[in-house]
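Student: As given, the protein sequences belong to chains A and B, one line each in that order. Counting from 38, one number per residue, gives the positions in the first sequence under this note's numbering. Counting from 12, one number per residue, gives the positions in the second sequence under this note's numbering.
Hints listed in this document are in silico derivations from the structure and should not be mistaken for laboratory results. Where a beta carbon is used, it is the ideal one built from N, C-alpha and C, also for glycine. Heads up, some of the hints might be wrong.
As the list claims (entries may be wrong) - Calculated pairs, DSS-like style, for lysine-lysine (alpha carbon to alpha carbon, straight line, at most 30 Å): (1) Lys470/B with Lys255/A; (2) Lys470/B with Lys254/A; (3) Lys254/A with Lys302/B.
Unchecked claim - To give an idea of the chain A side of the interface with chain B (calculated C-beta under 7 Å), a few residues: (4) Ser49; (5) Ala52; (6) Val253; (7) Lys255; (8) Trp257; (9) Phe260; (10) Ala268; (11) Tyr274; (12) Gly276; (13) Ala279; (14) Asn280.
Claimed, not checked - Computed, partial: chain A to chain B, Cβ under 10 Å: (15) Gly76; (16) Lys80; (17) Val97; (18) Leu185; (19) Ser199; (20) Gly259; (21) Val264; (22) Leu267; (23) Ala275; (24) Ile277; (25) Pro278.
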Amino acid sequence: MMLRLEPRPEPSRLAVWLSPLVALLATLAIGAAIFAWLGFDPKNALAVFFIKPINSWYGVSELLLKAAPLMLIANGLALGFRANVWNIGAEGQLILGALGATGIALAFDGVEARWLLPLMLICGTVCGIAWAAIPAFLRTRFRANEILTSLMLVYVAGYLLSFLIHGPWRDPEGYNFPQSILFSASALLPTVGAEGRLNISIFFALGVALLCWLFVKKSWLGFQMRVAGLAPTAALYAGIPANRSVWLGLLAGGGCAGLAGACEVTGPLGQLTASVSPGYGFAAIIVAFVGRLHPIGIVFASLLLSLLYLGGEAAQIQLGLPSAITGLFQGALLFLLLGADVFIRYRLRFVFSRLASSDVTPSPEPAPPTLPASHH
Amino acid sequence: MNRAEALFACRCANSERWRTVLRDNAQYGMSPMGMDATHSLFILPRRSEAIMFTDNEKQTVIPPTHATPRYNIKFLPPFSPAFYFAVPAPSSDSKRLVPRLSLSGISKRYPSVVANDNIHLDVMPGEIHAVLGENGAGKSTLMKIIYGAVAPDTGEIRWEGQPVTIAHPAHARALGIGMVFQHFSLFETLTVAENIVLGSAQRWRSDVLRQRITELSQRYGLPLDPDRHIHSMSVGERQRVEIIRCLLQSPRLLIMDEPTSVLTPQAVEKLFETLRLLAAEGCSILYISHKLDEIRALCQRATVLRSGRVSGACVPADESNLSLARMMTGSDLPHPKLHPVMRGEPQLVIDRLNYVPDDPFGTTLTDLSLDVHAGEIVGIAGVSGNGQSELVALLSGEKQLPVAQQHAIQLCDAAAGALDTQARRNLGLAYIPEERLGRGAVPEMTLTENALLTAHRQKLVRGGLIRFAAARRYAQETMTRFGVKAAGTHALASNLSGGNLQKFIIGREVRQNPRVLLAVQPTWGVDVGASAQIRQELIDLRTQGVAVLVLSEELDELFEICDRLAVIAQGRLSPLMNTRETTPETIGLMMAGSFIAAA
């Protein structure tokens, strides 16, 4: 008996939606196994990880707070991914967004005005777009691979943040900590709910998801980007400019990431710090794929990944596990999802001795030469 | 020259004497050995040895235990009645033979369509057997079943009398089934030998393989240098590589899928000689084609498929093209007529076009000139790889000329050489590309979405938003008017058969009222019924005053529909000729480049 992967005649619809669930369950199983191996009661540990963080309004508000940037960035990235534009540098674009918003806040420190917050958000978005424009330019002008350039710009952005936060933008009264001054009240996002830190960025994220859904489903531009991603030659035939997809895909991702960065500094942080993002830019790539690059799927996937962040923190505090546990769960989830995705196009077959019985027919003799033809 | 002329001898049991069989059958009285002339089957007494000579040099001794179909020798008990009476009458004898391949009751259904319904098919040893049928008639599914790529739902496959389940193509190859696909799978940057090693399941020593390739290519008249790179070879030569690749496995059944669609008439003749030689040696050939002339010239028997069923079996030589076509389609084909039409102003002018491609394996275009007038069809004949793809890319706008040379291409009186695809379409150009899936249509998208691809300017997009209802209507009307068979406007392009997708693409382009239509291989791989319809559409456009430029490798088609013809070879274009004043033979020679030396 042997196992064999057979291509399906048609991709399975059921598997498309089942695969994330299967991946999630398998991730939980692996998590339970690891907890057991580390000497914890798996049931209890999983409860600490996945249930305790959200059994209160505070927990739910934290969940939404962390889901907002993921949702925002993943939707932006998905636009590009669908057109085969691989923006891996959302983390850097997020940092630039945070820098842009902070720059405005510092420039107008002490000014209490209604326009300050919108200006900060816009500036952050524009900075994110500008940072994403670099790989777009390099790709369209020099055919430089945007995966590499956008990823490398993440580290450049990191150093830029580091320079500003240790140098010109450091709070002079901050005991030499690498952080900016605290923003004034009018530079902060209004919170939602009586307690907790949840702010209106969750509505930005949901709004962007809705816009993306419209863009993908209804707009001519979105259609063209889909064609460019599915069949580049057909795009060429239809006269869809290939460069436009690259620009649009990268700038959309950059803009969303920039906005997410601006929301971080104007929201939960209230200042610029050295660790402005716990890796949202990279986690959003997982979110985009777990959500099947679909705006609604991404909404749910961002909640899931956000829960992993919360669970990781809870595991650190209550179980004394290292923070790497979050990354471990994220990695396992993406890995298992990609594995489960194989079954959308393939199915597993158990093959019993079917081959052996049918292999009888080839002639037993060693292959002799075929009969020579005569030459007269 | 076939095997009948080979010297053949056998040594009977208990006798030391070798007897010449063919030279003098009579001396043995009751004719202890016989030969079936049609199927080259030798019938010998059991426990005898056979030997085969050629030119008294090479000898192959066949011991009785090796009574294999490879040698087409069947050993019978010496005194069985069959032995004595069956021999001299080849026609009755062939019924007694075990078919090399026998399909009975093969059915295969897909969710929306029955691809094969109760198919029966026998292929005898050494027979060239045609499988005829319209696109979507189930030919490809049947071939995939035989080649082990698809499993049938019901039915039995017997290989040399034994029931088999062909699990996968490697298994089919192990049985001795080879297949030459319509689309080659060769790596351009590798040599012939390297390509064959890559595709082969067995390990080859380089020198042994090269020697085998040379041997086979000499024996079957397929000249081929094992060390040549694929990119430097013509399509006909590439096909030889694929054939040799199959022959290395010593196949006993060779499936040829539309093998002549890319060949010049001269190359077709060469191929036929090879196939006849192979068949004479006992290899059965399943020949899939829609070219009725070829089938009548080459094949001994034909099985005709229509909508998944066998609609007839015949001896093609006894049939006319018309009767074969009728069997295939179930109705008489409309024969396109070229009524004289008033020729209008030139709509597409190519004026001394020169172009050096970026691609190092591309063809440089040298000094091309051509004009296509309103109300005429101009054809460009040529074997692919002679500059067609470069010319088409420049005409469609997928590649653009520098502004300084923009006058080399004029579209409806405007210099169009530097314009992009959209601008040229706005001038009135429509373009039917050679690759239907991937260029003319996005495989993973529905017909509605594929209609949008180029027909969006038919008010299907407003304010940046797609009007899906209008797009669906456009797709639906296109399907109705052009007889596209599909599950509906929501069907994916990849689920349509080649002919139906081509009809859809042509419909989509034609319904945008173009002034110039560029069609590349419009009926390539499309069945007879759809081909006739497509040609008629092109002729109707001509009548409506559209300037039509057709690039095709099928001379029959060009001669049928074109007012004027030119030939492209090695990136150069011959002067235009009136179709009525030239012949396929002349064009065939020009396709090989004869006009270049003359110029």
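Student: Going by Cβ atoms only, is Ile277/A closer than 10 Å to chain B?
Tutor: Holds - the Cβ of Ile277/A comes within 10 Å of chain B, reaching about 9 Å at its closest.
Student: Less than 10 Å between beta-carbons is the criterion; does Pro278/A satisfy it with respect to chain B?
Tutor: Holds: closest Cβ of chain B sits about 8 Å from Pro278/A, inside 10 Å.
Student: Under 10 Å is the threshold here; is the Cβ of Ser199/A close enough to any Cβ of chain B for the hint to stand?
Tutor: This hint is violated: Ser199/A lies away from chain B, its Cβ roughly 42 Å from the closest one there, beyond 10 Å.
Student: Against chain B, is Lys255/A within 7 Å by beta-carbon distance?
Tutor: holds, 5 Å
Student: Given Trp257/A as an interface hint, is the shortest Cβ-Cβ distance to chain B below 7 Å?
Tutor: Hint holds; Trp257/A Cβ to chain B Cβ min 4 Å, cut 7 Å.
Student: Quick one, is the Val97/A hint okay against chain B at 10 Å, beta carbons?
Tutor: violated, 36 Å
Student: Would the hint on Ala268/A stand, with a C-beta cut-off of 7 Å toward chain B?
Tutor: holds, 4 Å
Student: Would the hint linking Lys470/B and Lys255/A be met if the CA-CA limit is 30 Å?
Tutor: holds, 15 Å
Student: If you take the shortest Cβ to Cβ gap from Ala52/A to chain B, is it below 7 Å?
Tutor: Where the cut-off is 7 Å and the nearest Cβ of chain B is about 16 Å from Ala52/A, the hint is violated.
Student: Return the status of the interface hint for Tyr274/A: holds when the least beta-carbon distance to chain B is below 7 Å, violated otherwise.
Tutor: Constraint on Tyr274/A satisfied, holds at 5 Å.
Student: Taking the least C-beta to C-beta distance, is Leu185/A closer than 10 Å to chain B?
Tutor: At 23 Å from the nearest chain B Cβ, Leu185/A fails the 10 Å test, so the hint is violated.
Student: Within a Cα-Cα threshold of 30 Å, do Lys470/B and Lys254/A meet the stated pairing?
Tutor: holds, 18 Å
Of the hints listed earlier, those the structure fails to meet are numbers 3, 4, 5, 6, 13, 14, 15, 16, 17, 18, 19, in rising order.
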